[in-house]
Amino acid sequence: MHLILDIAWTHIAGRGRQTIVAMVGVAVGVGFSIAMAALMQGGQDDFVRQLVDTMPHVEVSDEQRSARRQPAEDVFEVAAISGLRPRDDRRGIINPTAAQSWLEEWIPGRFAARLNAEGVIRYSGREVGAVVIGIDPEREASVSPIVEDFREGSFDALTAGGNNVVIGDTMASRLGAGLGDTITAVSSEGLTRNFKIVGLFHTGTTARDEGEAYVLQKNAQILSNRPNAINRISIKLDDPNAAPTIARRVEAELGYKAVAWQEANESILEALVVRNIIMYTVVAAIMLVAGFGIFNIISTITHEKARDIAIMKSLGFSEADMRRLFVLEGLAIGAAGSLLGWALGFSITYALSLVHFEIAATGQEMTRLPIAWSMLHYLIATASAVGSAAVAGYLPARRAAHLNPVDIIRGAT
Amino acid sequence: MTSLIETTDLTRILHETVPVTLVRNVTLSIGEREFVAVTGPSGSGKSSLLYLLGLLDRPTAGTISVRGRDAEPMSERERAATRLANIGFVFQFHFLLPEFTARQNVEIPMRKLARLTRAEMRERATALLSSLGLEDHLHKRPDQLSGGQRQRVAVARALANDPPLILADEPTGSLDSKSSEQVFAILEALVNERGKTVVAVTHDLDMAARMHRRIHLVDGRISEEEGAKPGL
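Taken in sequence, the protein lines are chains A and B. Each residue of the first sequence is one higher than the one before, counting from 1 in my numbering. Each residue of the second sequence is one higher than the one before, counting from 1001 in my numbering.
Excised from the complex, chain A in its bound form (with noise of 0.2 Å):
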């Protein structure tokens, strides 16, 4: 193998300058292809990242994904229902406080129940409408992270007790109200109860800003007319990753629908792997480039070296050496090539990460772009580069090993 090695070096390092080139074509494809999948999966890492801190990994609601079995389906063999209707609209979780206590035995997380109600906020004059959630604020602040995103107020400020809301910033500049205004809520039985606002939040996300508000559970339940009704679980999981195995578990078991927050996200996710897809094809489509470089390299040395080939096979050399060595030319290009890409991709990728841009929208946070540090770029683009190197280096020497000899010196001589 070291005498191929040795021969395999002096053909490319007689072609020093084409060497180079094709060497660079390889660096180039793996050096962006690692600075893009470093940026795609920063971009992809981070966006999953907030999703995953900002929702409930798992959200059990009372609704149903399919209307309960009808006694007509047990008595009668074909049966046709449709148009089914749940008996009573104000639905909620039966017997809450077992569901919850079932849950907590056996899944290792956190768990924040809530009753959602529909209603209208209303402040001198001004509507808006909203939805007024009912929590446990200590319970509440281990599954949301919304404790953080107070701009005025607190959401401790709720704890303390009475009748207290905390409502989004957009929601509060509709009203016209501010912090230690007293607002009213009115739900959809036509129930009203005054608010005083203890805290204006901001998360980012304009339907929760300006739609939502924030009260003691009980005061929920008085408001919608439902005595210790809740209808919905959130759970926050230990591992995230989880949730579809859960979900699924808490759906068979309750009865509820219970929906991952891969689920809820289900098209985003999609369209990440579709984005996925596109970003390797356009590396596989680099590579390919990139093999033909060298594709282009060992067919001339193939070409050139045709009176070698002779000599070695009489010398006694094989068509299996023959192929080896020019395929070891093909991929030595492609290693050497993805060493340099890897050194191109890390200054790339690193000087990417030291961009600064100011977000508009808010006018005052300073961010960098997402980039992800992974070795499996590096092996991904390594392997890609490698594998067409070896591609484009076996074609020219499957045709090297098949020259006959004995054509080649009669031509010489």
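FYI, nobody ran anything at the bench for these hints, they're computed from the structure.
Chain A is nowhere near these chain B residues, computed Cβ spacing over 12 Å in every case:
| no. | residue |
| --- | --- |
| 1 | V1018 |
| 2 | G1031 |
| 3 | E1032 |
| 4 | G1068 |
| 5 | R1069 |
| 6 | A1119 |
| 7 | E1135 |
| 8 | A1189 |
| 9 | E1193 |
| 10 | R1210 |
| 11 | H1212 |
| 12 | V1218 |
| 13 | E1224 |
Here are some of the chain B residues that sit facing chain A, going by a computed Cβ distance under 7 Å:
| no. | residue |
| --- | --- |
| 14 | L1056 |
| 15 | E1076 |
| 16 | R1077 |
| 17 | P1109 |
Because the structure is a prediction, the values reported are computed rather than measured. All C-beta atoms in this analysis are idealised placements derived from N, C-alpha and C, irrespective of residue type, glycine included.
Place chain B on chain A using the hints.
Just chain B, lined up with the frame of chain A:
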């Protein structure tokens, strides 16, 4: 005398638009320590016969056996291995690998065979080149050597693995008379002093006359054979 290489009804037809018969029903036996000239006009099949004897080409019909082993069922890899250990080639043009020095060129077959250590290979290559008067040219590449010197390096390379059979295809064809004489003397010494068998294709009838045995080909057939096999 032991037969080193034997052929029976050896035929090689080149299947082109019009089939061309290069070698036709050649039956011969070449023993150890023979110095054989293969002569004949251009296109008579001399080189083709040599390539067949060296297992570089496959016959269309007939058999070849090297040291009693039939080459027909051998795989390409086995034929290569047989060449490596048993046959040394010297061509009309030196056919040295241009990127390697004289000594490295001689070391290549040894490195491929891998029977010796690197130090032993270096020592043997140096000794072979020195015995051919090239001790001052060990580290020169082929383009730094004269035609005669290159051909002597090619002879040294053919001897690298100490094969019993040397096949030479017009080894002096591209050399001046002085160099030709030197190379011929070396080939003669291989037979007389080192006990090798040399089969050389040549146009030079004077040179052929100085060899032990002459096989004359016309149109791919042996038309005449003269000279005695040593020991007979």
